[in-house]
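Trainee: Those protein sequence lines, which keep their order, are chains A and B. Each residue of the first sequence is one higher than the one before, counting from 657 in my numbering. Each residue of the second sequence is one higher than the one before, counting from 51 in my numbering.
Computed beta-carbon distance windows for the label pairs:
1. B:338 with A:700: 35 to 45 Å
2. A:848 with B:158: 49 to 59 Å
3. B:84 with A:694: 55 to 65 Å
4. B:139 with A:700: 26 to 36 Å
5. A:680 with B:151: 29 to 39 Å
6. B:150 with A:693: 12 to 22 Å
7. B:112 with A:694: 53 to 63 Å
8. B:338 with A:693: 23 to 33 Å
9. B:158 with A:856: 49 to 59 Å
10. B:82 with A:700: 47 to 57 Å
11. A:884 with B:302: 20 to 30 Å
12. A:936 with B:417: 19 to 29 Å
13. A:740 with B:54: 51 to 61 Å
14. B:151 with A:884: 48 to 58 Å
Derived EDC-like pairs: lysine to aspartate or glutamate, alpha-carbon spacing no greater than 20 Å straight-line:
15. A:749 with A:679
16. A:919 with B:331
17. A:936 with B:302
18. A:881 with A:863
19. A:936 with B:308
20. A:749 with A:729
21. A:936 with B:367
22. A:919 with B:385
23. A:749 with A:670
24. A:881 with A:855
25. A:749 with B:147
26. A:936 with B:298
27. A:919 with A:702
28. A:919 with B:181
Worth flagging that the hints you see were computed from the coordinates, not collected in a lab. Heads up, the beta-carbon is just placed ideally off N, CA and C, and yes, glycines get one too.
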Amino acid sequence: MNALHVPAPHVPMEAEIVRRTQESPSVFSLGLRLCDPAQHAAYRFEPGQFNMLYLYGVGEIPISIVSDPEDGDELGHTIRVVGRVTRGFAALKPGDRIGLRGPFGRGWPLLETRGQDLVLVTGGLGCAPLVSVINYVAQRRGEFGRVALLQGVRHMDDMIWRERYARWAKLPDVQVLLAADVAGTGWSWHVGLVTELVDQLAFDVRDARVMVCGPEPMMLASVRKLSASGVADEHIWMSLERNMQCAVGHCGHCQFGAQFLCKDGPVFNYPQIRARLGVKGY
Amino acid sequence: MTTHGYLAREYFGRLLEALRNSGYRCVGPQVLDGAIQYRDLPNAQALPSGWRDSQAPGRYRLEHSNNPRQFAWANGPQALKPFLFAPRETLWCVERDARGALSFRAVLPEAQALAVIGVRACDLAALHLQDAHFLQGQFQDAQYAARRDGLFLVAVNCTHPAATCFCVSTGDGPDVPEANGGCDLVLDEVDDGFIVRSASERGASLIAQLGLAPVTLAQQTVVADQRQQAREAQTRMLPSRDLRPLLDTRLEHPRWADVAARCLSCGNCTSVCPTCFCHSDHESPAIDGSDSTHYREWDSCFTQGHSYIHGITLRADTRLRYRQWLTHKLGAWHDQYGRSGCVGCGRCISWCPVGIDITEEVAALAADTP
Ligand SMILES: Cc1cc2nc3c(=O)[nH]c(=O)nc-3n(C[C@H](O)[C@H](O)[C@H](O)COP(=O)(O)OP(=O)(O)OC[C@H]3O[C@@H](n4cnc5c(N)ncnc54)[C@H](O)[C@@H]3O)c2cc1C
Ligand code: SF4
Ligand code: SF4
Ligand code: FES
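Chain A with its partners taken away, still in its complex shape (with noise of 0.2 Å):
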């Protein structure tokens, strides 16, 4: 027969919590390090790509990778508690154990948009794969040109990290827009939808790439905006999100048409996904 193929990394390994911060009430983020040394120095990832964590007794669940991929002493993951899994990371501390399987599936196009003005649109609360090219870029500040974040959350206090985007501002050339749609006192920023920051861009955004994560509804309202803003459909990728129970392109259940999130995606070059998205039930 032909075999091809590396066997697919099924099998967990273990891995240690280095480190635990809460970001917010329900948000916060795991340091990892693989328990044994060889596997942590083996290990490499890409923006974008995705890890999935072991609950002992409990399960798995696909979690981005978010810290810079040169860091050698440990994975970040920035998790919100929504149920089962996630509650029970929540309540682990550094020295607990847990499993991890990964790198998988295709990160952000950070080697074809070097050198190019950039554009994030991050939405809601679901940000956590877009804050890797966002680390990515702020360290390699001088291979990529212009760039602008745009961030937006329905209720300014769903805002975390302010202060990162704070200081995300005082970098050479990075222009930071935030929006809530709700808003209150010691609200500075814009006051509406994520999109409507387009128009307050330093520079043309039809020179730019763009990458997009958030609700499917945002991304796809971004994305109009942005088409009507003269932006190409092959300069627009976006981070999309479905079940996963394999993440080895196997189990079916992270389909979106004819893609499979795990290993097509979960990023995405919006001509790839155009048909489909936005159709209820896909």
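Start from chain A and add chain B with the ligands according to the hints.
Mentor: Frame of chain A; chain B with the ligands shown alone:
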């Protein structure tokens, strides 16, 4: 080396013996709980001699006659899929020691040489697709690979397709292709025995042990005639082998709501379908907390959980689930694996409790534009 010959029915046991002598565990069709199913085959007498099936939407019945033939029936609920892609199996185990350290261990099925007797052309086509899914992508499935490696396949050309079969229109049957059939031996059954043909080197060396007689011209004529009749017997069909262009224009067709009003969303169709591959992972922790077993189980795009992501079910209603199933099976498979995911076996038609017929649904979708 013999590649072709006649085996009288009373000597069929020689084939089983030769397979056992080569180390194979033999599995073959038998009548069990009112259906033809594949189980360990003790001897040739256990084959379903004289049994015929009668299939229709939502219907499968067996009838017995004095016909000496042992393969005069079309497929039962399942053939190869459960032997390679097990309905439930452990993937790995993890132990936790007193300090909380975890040790993970892969669990693989015991590699076993299995010979399956009686597989049909559609089963082989489906196997080909499951191979593509589990073995030929970026990652290889270790469980599937362990079982696949030792598989010996004895195929039988269909002489009695069921009313639900439409493999002619999908291009997958009723005969095994002369070249690259993907099996080891092919049988054509005649009243008093079998014409045996080898389809692989392993097959050729096996039939060399059977003492086959030359095939007569009369036998060749019988075989050609019954093959022709089997093709002509099929009345169901799909309108095209590539329905992608059609389905892409039918996503909002009212027929989806119509079929959803009948469909129970039970998932029978996906579990009998020889190409459906969906499964879920589950965890079974030991009561004392010292270890946990991670296993997978067949799942279906008709379940609530299949499209669940924290707080939302993307396909909450049957309309969206049936559409997902059909547009994947007949559409997205082309992009994923280069052809349709349907091999025309008709199982989903017979085993649907309310008799939903995939060919009829496609015809209705094709008939008019919304
Ligand atoms: C590629 C990818 C990257 C992700 N990255 C992050 C991240 O960086 N940070 C973060 O907080 N969340 C991320 N998620 C979402 C995260 O996987 C879910 O929030 C998590 O699975 C919920 O698990 P739970 O057991 O707590 O929730 P429950 O609601 O109890 O879910 C039960 C089970 O359903 C499945 N499931 C539920 N929601 C999802 C989902 N969105 N995606 C896949 N399977 C799901 C899981 O198997 C889960 O165990 C990502 C999802 C994907 C697909
Ligand atoms: S969709 Fe129905 S007819 Fe086609 S292969 Fe699956 S079970 Fe057989
Ligand atoms: S089509 Fe029939 S077999 Fe399939 S889920 Fe619906 S009721 Fe069940
Ligand atoms: S997560 Fe199983 S196929 Fe993608």
